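Line order of the protein sequences matches chains A and B. Counted from 1, the first sequence has number 1272 at position 370 by the working numbering; the numbering is strictly sequential. Counted from 1, the second sequence has number 30 at position 29 by the working numbering; the numbering is strictly sequential.
The hints are simulated quantities; they were obtained by calculation from the structure and are not laboratory data. Be aware that one or more of the hints could be misleading.
Claimed, not checked - Okay, the calculated beta carbon distance ranges per label pair:
(1) D1316/A x F28/B: 20 to 28 Å
(2) N39/B x V1403/A: 41 to 49 Å
(3) F21/B x L1051/A: 46 to 54 Å
(4) T37/B x L1308/A: 48 to 56 Å
(5) F947/A x F28/B: 50 to 58 Å
These numbers come from a predicted model, not from an experiment. Cβ atoms here follow ideal geometry from the backbone N, Cα and C, with glycine treated the same way.
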Amino acid sequence: MELEKFSYDNKIVKAFIIATVAFGLVGMLVGLTAALQLVWPIFNFDLQYSSFGRIRPLHTNAIIFAFVGNAMFAGVYYSMQRLLKTRMFNDTLSWINFWGWQAIILAAAITLPLGLTTSKEYAELEWPIDIAITLIWVVFGINMIGTILRRREQHMYVAIWFYIATFITVAVLHVVNSFEMPVNLFKSYSWYAGVQDALVQWWYGHNAVAFFLTTPFLGLMYYYLPKAANRPVYSYRLSIIHFWSLIFIYIWAGPHHLLYTSLPDWAQSLGTVFSIMLIAPSWGGMLNGLLTLRGAWDRVREDVVLKFFVVAVTAYGMATLEGPLLSLKNINAIAHFTDWIVAHVHVGGLGWNGFMIFGMLYWLVPKMWDTKIYSNKLANLHFWLGTLGIIFYALPMYISGVVQSLMWKEFTPDGFLMYKNFLETTVQILPLHMLRAVGGALYLVGTIIMTYNLIKTAYSGKFIANEATEAAPLTIASHGNKGWHAVLERKPIVFTTLALVAILIGGAIEMVPTFLIKSNVPTIASVKPYTPLELHGRDIYIREGCVGCHSQMVRPFRSETERYGEYSKSGEYVYDHPFLWGSKRTGPDLQRVGGKYGDSWHYYHMLDPGSVSAGTIMPAYPWLYEQQIDKEQTALKINALRTIGVPYAEGYEQTANEDLDKQAARIVENLQMEGIEVIQDAEIIALIAYLQRLGTDIKVKDTALSANQ
Amino acid sequence: MYKNILQSIDNVAIWPLISFVIFFVFFLLLIWWAFTVNKQFIQHMSNMPIDDATSKPNHSGHEK
Chain A
903 MELEKFSYDN KIVKAFIIAT VAFGLVGMLV GLTAALQLVW PIFNFDLQYS SFGRIRPLHT
963 NAIIFAFVGN AMFAGVYYSM QRLLKTRMFN DTLSWINFWG WQAIILAAAI TLPLGLTTSK
1023 EYAELEWPID IAITLIWVVF GINMIGTILR RREQHMYVAI WFYIATFITV AVLHVVNSFE
1083 MPVNLFKSYS WYAGVQDALV QWWYGHNAVA FFLTTPFLGL MYYYLPKAAN RPVYSYRLSI
1143 IHFWSLIFIY IWAGPHHLLY TSLPDWAQSL GTVFSIMLIA PSWGGMLNGL LTLRGAWDRV
1203 REDVVLKFFV VAVTAYGMAT LEGPLLSLKN INAIAHFTDW IVAHVHVGGL GWNGFMIFGM
1263 LYWLVPKMWD TKIYSNKLAN LHFWLGTLGI IFYALPMYIS GVVQSLMWKE FTPDGFLMYK
1323 NFLETTVQIL PLHMLRAVGG ALYLVGTIIM TYNLIKTAYS GKFIANEATE AAPLTIASHG
1383 NKGWHAVLER KPIVFTTLAL VAILIGGAIE MVPTFLIKSN VPTIASVKPY TPLELHGRDI
1443 YIREGCVGCH SQMVRPFRSE TERYGEYSKS GEYVYDHPFL WGSKRTGPDL QRVGGKYGDS
1503 WHYYHMLDPG SVSAGTIMPA YPWLYEQQID KEQTALKINA LRTIGVPYAE GYEQTANEDL
1563 DKQAARIVEN LQMEGIEVIQ DAEIIALIAY LQRLGTDIKV KDTALSANQ
Chain B
2 MYKNILQSID NVAIWPLISF VIFFVFFLLL IWWAFTVNKQ FIQHMSNMPI DDATSKPNHS
62 GHEK
């Protein structure tokens, strides 16, 4: 048969590699800053743009979407061309994908420090950026499907399936979770409220981990690991079963992020059951990866690429066993809201994603520049610094998580909380936070060494921008009966649709009942929408990222009702667009903080937390005392919320500011009695109003629980 | 607005059951396929990443 001549596009891969390394360094540096802030508040620099609440989403977004995202594109663009024996469908689309993605990252890097955030974890970016992400993602999808349709290889290798599943699932997740009502160009409210918002968010959050950090990297594993080891994958059969069971099961497990919350019990159990089932495909994949090296383990001693891969796959195995265990209610009761979860995600992030990326880069760069790696010694040094970094990061955080949890739950023999002041439990874990920062620093130093090594490697070789090759054109062969699944692999569109159906069923059964059956969220008559001033306060709470350290979810444990007050009911959150339950308690829960302290306590506490609680690591918020709320936004906010179902009376937007002024005046008066002079429109007044409102609705007399009214 | 849509569907409980049966049958078929599939095909598939090396190293595409 006549061979067709064509070339592989390496230039686009090179661009994504450069972006990966650059944003990896930035993301890790921001992470290290956040780690230092959690020991020494001075690293917040008393600036609003660099305070922890805004730095944390910057770190997570930079790592997930900029570092891991660019690495994913690099890996996919390189491997897909070769597995399908064709150049990418369209070079222009490739470059739109590249520059569009970098523009989104730039927009995130500007808006997050400015406090423009939806506060939904890993989906913090505001609505215009959400739309841009959708468009660029579709460009990536068209480019990928187009490439698949133009392939010269009859069957699609399993890595390609993982890429397809990544594309469609991330598209579905992103669109569903980003339903929001714009207030203005930079502000929106989540379409969903309270329990439903939480369910959608964690269906998204969990599957973002599954389909952005896991499936594309499993695809990369199935390509680069055999490539680096120069031997086929241990079992291709297993890889097929691995793929289908993983995408079928993963999509159901989201509710395990909400155990013991106000989420309906059946949904929590659903999350637990499917999480346990996930062990099977995850470990199937891990074993398939590790066993690929059977009989070649001696090479792991010499080949630094394999070293990185072995640790990465092992970390994947550990994280995917730990995840299901954390989904058991009894373990979750201990681990949730503590540093344990931070350790868990970093085993996945630093170990699995980070080390897969490093291994891939050490393999790709010499290949694409047609040379050898500049220094094996430095690469080995990086490997050991990285590995030590993971250990120094994870171990202290595990210990810290358990210590925190035990201290929160400790009672005296007389039945009182042993550590009544939350701060005692925080101070106790600070040395462990210091060690964690050491771990992060080691990891970062390793990455810096890699950067130097890769640059030197590139300069020692010659970049092959277009790698010439040839292959026979694809003819639809009818030779040999290979069964229905083999037929499926020849039909990418059918395959894509099937994968889409698989994930949609899981998502629908998980979420639809909570939306449609009223009894799942019993309403509470005394729960009323926020007043205009409280609404402004709530938006400041969102802007400052308070949710990063403070939960608003008292779980039904005695240790929590004793510390915080009545446990949370789902009906309390029906006007919360978005929900602010949080997933981490670096500080205490705030669901019942309303009325607990006087206005002046909050005034002094936000101005200088250390003067009220000596030794606290909470940053100061001096700018709230200078900046004023924008009362022109009040009407827009009321209108937007009414559109998505909050029962503000028609026309209330016109008189809302009068109510706002009255409530603010009362707080100012309270403060004056304590000798505090403050402008009435200062942001702190709105924030105090919101904090004092929190959790007080059910304290109103004649509380009537009315389900199915 | 759509509060009662789900309850108003006749036999709504049958749908999760149907999805379960579909999933289960799919997996059974998948496992059956995996065990009976042609060995040559599996070999071909698993060798794909390794066989993709450029057949003729051609350095004409070098960037300056």
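Here is how each hint holds up against the structure:
Between D1316/A and F28/B the beta carbon distance is about 55 Å. The supplied range of 20 to 28 Å is therefore violated. Between N39/B and V1403/A the C-beta distance comes to about 27 Å, which lies outside the given range of 41 to 49 Å. Look at F21/B against L1051/A: about 34 Å separates their beta carbons, and that is not inside 46 to 54 Å. The supplied range of 48 to 56 Å is met by T37/B and L1308/A, whose beta-carbon atoms lie about 53 Å from each other.
The supplied range of 50 to 58 Å is met by F947/A and F28/B, whose beta-carbon atoms lie about 55 Å from each other.
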